[in-house]
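S.K.: Each chain, letter by letter, is given below.
There are 2 protein chains.
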Amino acid sequence: MSYYELCNEVAEAIQKAVSGLIGKPEAGVTLRIGADGTPTEKIDEVAENAALSVLEKDGRSMRFVSEELGEKRIGSKPEFTFVLDPVDGTFNAVNNIPFFCVPVAIGGSDLSDIRYGYVKNLVSGDVYTAEKGKGAYLNKRKIHVSSVSELSGLSVISYSYRPHVVAINNHKVRRVRVFGCAALELCYIASGIFDAFIDMRSMLRVTDIAASKLIVEEAGGVVTNGNGKPLSTELDVTKRVNMVASNGMVHDKLLELV
Amino acid sequence: MSYYELCNEVAEAIQKAVSGLIGKPEAGVTLRIGADGTPTEKIDEVAENAALSVLEKDGRSMRFVSEELGEKRIGSKPEFTFVLDPVDGTFNAVNNIPFFCVPVAIGGSDLSDIRYGYVKNLVSGDVYTAEKGKGAYLNKRKIHVSSVSELSGLSVISYSYRPHVVAINNHKVRRVRVFGCAALELCYIASGIFDAFIDMRSMLRVTDIAASKLIVEEAGGVVTNGNGKPLSTELDVTKRVNMVASNGMVHDKLLELV
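If you read the sequences in order, they're chains A and B. If you read the first sequence in this note's numbering, its first letter stands for residue 1, the second for the next number, and so on. If you read the second sequence in this note's numbering, its first letter stands for residue 1, the second for the next number, and so on.
This is chain A alone, in the form it adopts within the complex:
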């Protein structure tokens, strides 16, 4: 089974498992605090269990890193790390806001060593994929970042207050949006709908961004931390990072803003 097939099987199992919970208040009931330090809601647990069940049947040995359970070794000699956010955009899913997804990354032991990225939009069914060195794809069609090079023309997704200040008070960028689903928002950078993504809250987990980081890079974009350095951290759900992702043409100007 290829990486694509494995990711797809996991995403489909999650989609089926949570389908009855979308827009339902009971889906948002907090069960406990998860391994990542944030509440595990019912929909998260249902989704993670569905994924685990697929991975345990796969037969390969792997390290499974996931938001709620933290880390679990499957088999005795892990061939790779399988990094999952069972549902990215839980608040949206619980409240029937059509913006949530399943992101999966396959790699070694560090965020800088991801070899395959997969994000499935659970509303539209769109699938974004990237294999290291082989480009990024939306539903198997090649995608590329935008070519906007002026700040004044930028459509930015931002969880950082400075861009809001400049956008809203000084009209220095064209638009700012905040959808509450980082993995999918980053795919909009890869496909050129938005030009940049900024999150300076020191809140992003590897499970949120590992897949989409590779997808943005393979689509021709640039991803760094808030200081302009390459993003690197262990594939561990307790780690938190800042992130600036862009089409590459405005990256330095954005780093000055944040």
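Just so you know, these hints were derived from the structure itself, not from any lab. Wrong hints could be hidden among the right ones.
Where chains are identical, the list cannot tell them apart; a pair therefore holds if satisfied intra-copy or between any two copies.
What the hints assert, rightly or not - Computed list of lysine-lysine pairs in DSS-like fashion (alpha-carbon distance at most 27 Å, straight line):
(1) K24 / K140
(2) K142 / K132
(3) K172 / K42
(4) K172 / K239
Once you have looked at the hints, place chain B on chain A.
M.R.: For chain B alone, kept in the frame of chain A given last:
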């Protein structure tokens, strides 16, 4: 034909007319500058023409106020003003981001004198309605604003930089979102999914907010300008306002933030 039926017929005509344009780059081609001072894109014109055609067949005389054409008198003795944004969330619609709607308000000559509000979510088909003094409804079921009373628990939709500062840097509110579709975002305040909406850019038009203002108020919420005064302005697409809408329990605290 009741107000509901008239609004619904207009929204359905728009939905049919634009269905082939969602997610298509040609839908976003700028045709000219509209009466509201912003670009008229192809999808806006197609939608407005579909609405006009329904209204001209209705038989009643009315003043039609709409973003692209500005104002048009239908018949000789207007019984009411029909206020329309043919598509609210044009950027989303053109880019296949599932968050756009048709808002319609029926009233006299001022934003403070709206007697009927109707918003149709063009993705899910959900319909929000309110008649002055008779409550607010989602798909004909009564809705009510949330009861969150502490800033730290608030889910806020905000186009104002101060809440971003406090939320992102000081974690004083729980979450901030920006979806880019004011009419529908306000309906999320009415239905209690979000607790407050703030837009201090002085960019909101009566066509964006007239319907949803009544829907929020009839759902038990409070709507003012940024100074805490009642919102009042002519039903004219060139007018721009600020707005703070909330569940009422945190309104004063929000006014201090903006």
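S.K.: Work down the list of hints and note, for each, if the structure agrees.
M.R.: So, going through the hints one by one against the coordinates:
In the homo-oligomer, the alpha carbons of K24 and K140 lie at most 27 Å apart only across protomers (18 Å), although the nearest pairing inside one protomer, at 32 Å, exceeds that limit. Taking the shortest alpha-carbon separations for K142 and K132, only the intra-copy value of 14 Å comes in at or below 27 Å, while the best inter-copy value is 51 Å. In this assembly of identical chains, the alpha carbons of K172 and K42 lie at most 27 Å apart only when taken from different copies (26 Å versus 41 Å within one copy). Proximity of K172 and K239 under a CA criterion of 27 Å is satisfied inter-copy only: 23 Å between copies versus 33 Å inside one chain copy.
When held up to the earlier numbered hints, the structure conflicts with none and fits them all.
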